[in-house]
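Peer 1: Next come the chains, spelled out residue by residue.
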Amino acid sequence: MITIALIFAFACYGIGLLLTLWRITNGPDPADRILALDTMVINVIALLILYGIWHGTAVYYEASMLVAMVGFVSTVAYCRFVLRGDIIE
Amino acid sequence: MSLFAEILVSFFLVVSGIFGIVGSFGLIKLKETMQRLHAPTKATTLGVGGVLIASMLYFLLIKGSFSFHELMITLFLFLTAPLTALFIAKSYMQGNIRPEDVPETGGRHGWSLYEDAPTDQGGS
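Which chain is which? The protein sequence lines are Y and W, in order.
For what it's worth, the working numbering labels the leading residue of the first sequence as 1, then goes sequentially.
For what it's worth, the working numbering labels the leading residue of the second sequence as 1, then goes sequentially.
Isolated chain W, as found in the complex (with noise of 0.2 Å):
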């Protein structure tokens, strides 16, 4: 039970550890800004997440005691993660993409980078 234990909670920071550095090292080997953003998210699922069951699992099978931390810090970060990728790709688009590039949305209104936000309340 313990040799068990010891192989589990060691396969997965391995695996964690393979994916955190695969991660970082995207950011320096990717050529372009929209290219970069894929690879946070290699370190935030599987990297993070390798750390995060290791944690649980070492406390639990080895240490005896279950809290429930982890779980909520991978929550969280699961929850944020898409809104930092939304946010930074937005800042990209204003400095370098003019709006004739983008293609249309379809909509009423157009991107809301390059233009106001939509002034009648009447909707809703």
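Looking at chain Y on its own, in the form it has when it is part of the complex (with noise of 0.2 Å):
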């Protein structure tokens, strides 16, 4: 049972990374092109841990906070970049 619930939920979140990078594609402002980046983050971070679950080990845990810090890092420098022209003044 629990692997149909895994696949249910492996299935939802790749279409759903699919739907966030036609977003990145089309987007017509930037600040579209950064949500969908920033989706695309949450996206990855529940994957990374769904992953974790199906083989059983608690190894994935690390790389998803890693993932979480660098997309909000990003994210922040993206809008100062676009805000400013610049990310360190």
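Just so you know, these hints were derived from the structure itself, not from any lab.
Treat the hints with caution; some may be incorrect.
Straight-line alpha carbon distances no greater than 25 Å define the calculated SDA-like cross-link-like pairs of lysine to any residue that follow [what the hints assert, rightly or not]:
no., chain 1, residue 1, chain 2, residue 2
1, W, Lys42, Y, Asp86
2, W, Lys29, W, Leu8
3, W, Lys42, W, Met56
4, W, Lys90, Y, Ile24
5, W, Lys90, W, Phe68
6, W, Lys90, W, Glu32
7, W, Lys42, Y, Val73
8, W, Lys31, Y, Asp29
9, W, Lys29, Y, Val44
10, W, Lys42, Y, Leu18
11, W, Lys31, Y, Val76
12, W, Lys31, Y, Ile4
13, W, Lys42, W, Pro99
14, W, Lys31, W, Ile97
15, W, Lys29, Y, Gly56
16, W, Lys31, Y, Leu17
17, W, Lys90, Y, Pro30
18, W, Lys90, W, Leu61
19, W, Lys90, Y, Phe8
20, W, Lys31, W, Gly110
21, W, Lys90, Y, Ile4
22, W, Lys42, W, Gly110
23, W, Lys42, Y, Arg84
24, W, Lys31, Y, Gly14
25, W, Lys31, Y, Ile15
26, W, Lys29, Y, Asn26
Okay, the calculated beta carbon distance ranges per label pair [said to hold, decoys possible]:
no., chain 1, residue 1, chain 2, residue 2, range
27, Y, Ile15, W, Phe11, 30 to 38 Å
28, W, Pro103, Y, Leu18, 19 to 27 Å
29, Y, Asp86, W, Ser2, 54 to 62 Å
30, Y, Gly56, W, Gly106, 55 to 63 Å
31, Y, Leu66, W, Gly95, 30 to 38 Å
32, W, Asp101, Y, Trp54, 43 to 51 Å
33, Y, Glu89, W, Ser65, 40 to 48 Å
34, Y, Glu62, W, Leu30, 29 to 37 Å
35, W, Asp116, Y, Glu62, 37 to 45 Å
36, W, Ile28, Y, Val73, 20 to 28 Å
Here the structure is a predicted model, which means the values were calculated and not measured.
Using N, Cα and C, we set each Cβ at its ideal position, and we do this for glycine too.
Fit the two chains together into the complex; they arrive one by one in their own frames, and the hints show the way.
Peer 2: This is the structure we're talking about:
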């Protein structure tokens, strides 16, 4: 039963990743692309934790924690660049 | 006990999958950029939260080992999601909304997007 639910969750987050990719390529505004990148990072975190459940190991939490931190910092850096034209003033 | 644990973990996995795909589908369904800012909060709050609860329950009830790494990820995501939304909204407002269209702030200084930071250091 857990296997079927895991496959369902994998499919949902995989399709979500493709939808965010569509928004990245077709976004009319830079804010749309930054938002789609942020959502893509969230989907990747969920996929990593699902992969950890699938294999039954606790190794992937560190990977998802690193992805969360790097995703937040990159989102703030992109927004700073759009706002001020520079990241570190 | 084992069947109950399996049903519980599967329930959280299915709910989180549905919320995750709703959050990503809202990105291409909603019309305006400021409306699209709503979509990732669904994926963050209930999608990733459901996945993390399912992972904790799976390792606690079936594998028999408890870990609190998931709580750290949940805390970090809940802390950073409003900040990213604020920054994205500011970067959208700077390019698309004119200073005459926003309402007054009611204070001594205007919106920080269109006005320089106050230079007086007296109050603190």
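Peer 1: Each of the hints needs a verdict: does it hold here or not?
Peer 2: Results for each hint:
Simply put, Lys42(W) and Asp86(Y) have alpha-carbon atoms about 31 Å apart, too far for the 25 Å limit, and the pair is violated. For the given pair, Lys29(W) sits about 31 Å from Leu8(W) by alpha-carbon distance, which is inconsistent with the 25 Å threshold. At most 25 Å may separate the alpha-carbon atoms for a hinted pair to count; Lys42(W) and Met56(W) meet this at roughly 20 Å. Distance hint between Lys90(W) and Ile24(Y) is fulfilled; the C-alpha atoms sit about 19 Å from each other, no more than 25 Å.
Of the supplied pair hints, the one linking Lys90(W) and Phe68(W) is violated, its CA atoms being roughly 34 Å apart against a limit of 25 Å. The suggested pairing of Lys90(W) with Glu32(W) holds, with an alpha-carbon distance near 15 Å, which does not exceed 25 Å. As the CA atoms of Lys42(W) and Val73(Y) are separated by approximately 21 Å, the hinted pair is consistent with the 25 Å bound. Between the alpha carbons of Lys31(W) and Asp29(Y) the distance comes to roughly 12 Å, so the proposed pair stays at or under 25 Å and holds.
Between Lys29(W) and Val44(Y) the alpha-carbon distance is near 21 Å, which keeps this suggested pair within the 25 Å criterion. Only pairs whose Cα atoms come within 25 Å are accepted, and Lys42(W) paired with Leu18(Y) is accepted, the gap being roughly 17 Å. Restraint check for Lys31(W) and Val76(Y): the C-alpha separation of about 24 Å stays at or below 25 Å, so the hint holds. Restraint check for Lys31(W) and Ile4(Y): not satisfied, since their Cα atoms lie roughly 34 Å apart, outside the 25 Å limit.
Distance check on the hinted pair: Lys42(W) and Pro99(W) sit about 31 Å apart at the alpha-carbon level, beyond 25 Å; violated. Between Lys31(W) and Ile97(W) the CA atoms are separated by roughly 17 Å; this keeps the pair inside 25 Å, and the hint holds. Between Lys29(W) and Gly56(Y) the alpha-carbon distance is near 36 Å, which puts this suggested pair outside the 25 Å criterion. Straight-line distance between C-alpha atoms of Lys31(W) and Leu17(Y) comes to about 19 Å, which keeps the hinted pair within the 25 Å bound.
This hinted pair checks out: Lys90(W) and Pro30(Y) have alpha carbons roughly 12 Å apart, not beyond 25 Å. At roughly 44 Å between alpha-carbon atoms, Lys90(W) and Leu61(W) are farther apart than 25 Å, so this suggested pair is violated. For the hint pairing Lys90(W) with Phe8(Y), the CA-to-CA distance comes to about 36 Å; that exceeds 25 Å, so the pair is violated. Proximity of Lys31(W) to Gly110(W) is assessed by CA-CA distance (about 29 Å); at most 25 Å being required, the pair is judged violated.
Between Lys90(W) and Ile4(Y), the direct Cα distance comes to roughly 42 Å. Violation of the 25 Å bound is thereby established for this hinted pair. Restraint check for Lys42(W) and Gly110(W): the C-alpha separation of about 32 Å exceeds 25 Å, so the hint is violated. The hinted pair formed by Lys42(W) and Arg84(Y) fails the criterion: a straight-line CA distance of about 29 Å is larger than 25 Å. Of the supplied pair hints, the one linking Lys31(W) and Gly14(Y) holds, its CA atoms being roughly 23 Å apart against a limit of 25 Å.
A C-alpha spacing of about 20 Å is found between Lys31(W) and Ile15(Y), which places the hinted pair at or below 25 Å, so the restraint holds. For a cut-off of 25 Å, the pair hint linking Lys29(W) to Asn26(Y) stands: about 13 Å separates their Cα positions. For the pair Ile15(Y) and Phe11(W), the beta carbons lie near 20 Å from each other, so the given range of 30 to 38 Å is not met. Our hint of 19 to 27 Å for Pro103(W) and Leu18(Y) is violated, since their Cβ atoms are close to 39 Å apart.
Taken as a hint, the range 54 to 62 Å holds for the pair Asp86(Y) and Ser2(W), whose Cβ atoms sit roughly 57 Å apart. A hinted range of 55 to 63 Å holds for the C-beta pair Gly56(Y) and Gly106(W), which are about 56 Å apart. Against the hinted window of 30 to 38 Å, the Cβ-Cβ separation of Leu66(Y) and Gly95(W) comes to about 31 Å, which satisfies the hint. Between Asp101(W) and Trp54(Y) the beta carbons are some 49 Å apart, a value that agrees with the proposed interval 43 to 51 Å.
For Glu89(Y) paired with Ser65(W), a C-beta distance near 47 Å keeps the hint of 40 to 48 Å intact. For Glu62(Y) paired with Leu30(W), a C-beta distance near 34 Å keeps the hint of 29 to 37 Å intact. With their beta carbons about 42 Å apart, Asp116(W) and Glu62(Y) fall inside the hinted range of 37 to 45 Å. Checked against the given bound of 20 to 28 Å, the beta carbons of Ile28(W) and Val73(Y), roughly 26 Å apart, stay inside it.
Of the numbered hints listed earlier, those contradicted by the structure are 1, 2, 5, 12, 13, 15, 18, 19, 20, 21, 22, 23, 27, 28.
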